[in-house]
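One-letter residues, chain by chain:
2 protein chains.
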Amino acid sequence: MSIQNNKYVINLDVDGGDNAPSSVLNGAELYLKDNQNVRFNLYGRKSIIDFHIKNLPLLLNFSNIIDCEGVIDGNLKPTEAMKKEFRHSSLAKSISSLKNQPLEATVSSGNTGAMMAYSKVFLRTVENISRPAIASLFPSKNHPVCFLDLGANSECDENNLYDFAIMGSIYYQILFPKSTCKVSLLNIGSEELKGNTIIQKTHELLKKSKLINYNGFIEANNITDTENHIIVTDGFTGNIALKTA
Amino acid sequence: MSIQNNKYVINLDVDGGDNAPSSVLNGAELYLKDNQNVRFNLYGRKSIIDFHIKNLPLLLNFSNIIDCEGVIDGNLKPTEAMKKEFRHSSLAKSISSLKNQPLEATVSSGNTGAMMAYSKVFLRTVENISRPAIASLFPSKNHPVCFLDLGANSECDENNLYDFAIMGSIYYQILFPKSTCKVSLLNIGSEELKGNTIIQKTHELLKKSKLINYNGFIEANNITDTENHIIVTDGFTGNIALKTA
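Chains as they are written, first to last, in this note's numbering: chain A, 54 to 298; chain B, 54 to 298.
No wet-lab data here; the hints were simulated from the structure.
This structure is a prediction, so every number in the text was calculated from the model and none was measured.
One should not assume that every hint holds.
No copy labels: a pair is met if it fits in one copy or bridges any two.
Stated by the list, open to error - Cut-off 25 Å, straight-line C-alpha distance, at most; resulting in silico cross-link-like pairs (SDA-like, lysine to any residue): (1) 136 / 94; (2) 261 / 120; (3) 254 / 210; (4) 296 / 243.
I would like the entire structure built from these sequences, with the hints used as guidance.
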C-alpha cells in the first residue's frame, strides 16, 4: 500500500457483494471511526455513492470517488466478465488501477471468479507462479494460521500446491516477520501413505524443498490447534473446509 | 441383521480403534444397559477379552467370544492387511464371517483402509457398484442427512459419485421409509458453472438420472440446514468436511 501524507490508499469495489453499495460504504465509515490512517478510493456509480455518502461524514472526508459503469453480478462467469462491456465496472477499474499504483490494494466482496480473472489478466502473477490463490488468516490456539487456497482454483496440481506453500510462507513472513513459518499440507490422515495422487506428489516436492519449512500432513480437525503457520490445500477442498467451519 | 430369538447379532472388532479393547467392551456393556435386543459376537484375543469381561455382567450374558490372532495396527496399509498373517485378526474374521451370515453386521473403529479392503475382497460390492463408501448420518435442522463418502475413496470419478448417490438413496429409504430422498452434490458454489470437471460431469449424470431425486449443488455451510436427505462427495473432501465440523 502506498503512503500519501502518511495514509494507506485502499480501493473499494463499492458495487461488489451482498447488500452493496450500502454495506461497503457503511463498513468504510465504521473503520474510519477507529482508524484514520487510510484514504479510500471509492469505485462505483457516482450518483449512487453521492446519495449514500451524504450521511457518512468521515468517508466524505477521507475518500475520492471514481465513477464506474455497469455492475458485475455474482453469477457472471469469469469469461463473460472479461468482455468489453464490463471493463468499466467498479471491480474491473479498481483492480486495473493497481497496475500503475502497485503499492495500493483493492478490497472487494464481489464476484470471486471475476476478481481472480481481472487480477490475473490486468496484474499478472509474479514470475514462476502460474495461479493466484485466495488466502485468509484463521484463528488457532497458538497464532493466526494462513490457510490457502480457499476457492480460487477448483483444480490444482502438485506444482500449484507447491507455489501456494511458497506464497503463503512469504505472505506470513511479511505479516509476522519473526515467525518460523512452518507449512503443512491438508490431508485425510497424518500417515505417509494417506491422500490422493496429487497430495502424495506435493508431499514429495515439499519434503525436498529448501525454500519451505515443511512440517508434513495436517488433518482438518487440527486446523485451529496447530503448531503450523501455513496450511496448503486446493481451492475446492479449502472452500469446503472454510464453509463447513 | 439376523434375528435369533428376536435378537440382532452384531460382530464387534474388539481389537480395533483407540483404547481398544476396553473402550469397545465398555461401550457394548453401556449399550446393553438400555437395550437388550442384541447379541454380540466378540472378535478378539480370547485371553484378553476374558480378563475384561469379568467386570461386565451384561456383556458376559449377551455375547459369544470368537478367538482371533494378531492385531491390525492403525498405520498398516490395506495391501499389507491382505497378507496371510493378518487373516486371523479380529477385523478380518469379523468381516469375513458376514459372507455366510449376510444379515448380521460388523462394527469396528479400527483401521479404515483395512476394513474397506477386507469388505471389498471378502464380501464384494453389489453388482454394478465398483467401490464401497463410508456413510454417516449428520444432524440437520430438518432431519438426519446421509453424508457420503467420508473417506473410503480419496479419488473418485463421476461414476463413483453417481453410485454413491444411488447407495445413499437406498440406505436412507431403508432407514426412513417414508422419505422422499432428495440428493445434493457438495460443491463450492450453487451456480451451474461452479466446481471442477468431475463435479460438472457428475452434475450432468445426476440431472439425467431417473433413479435419483436430484436437487442440485449444496455448499458446505448448508450441510446442517438443508432440505436434502443425501449429500454426495468424494472421500477426500468428505473426510476434510467431517473433520473440520
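Just pull the numbers of the violated hints for me, sorted ascending. 2
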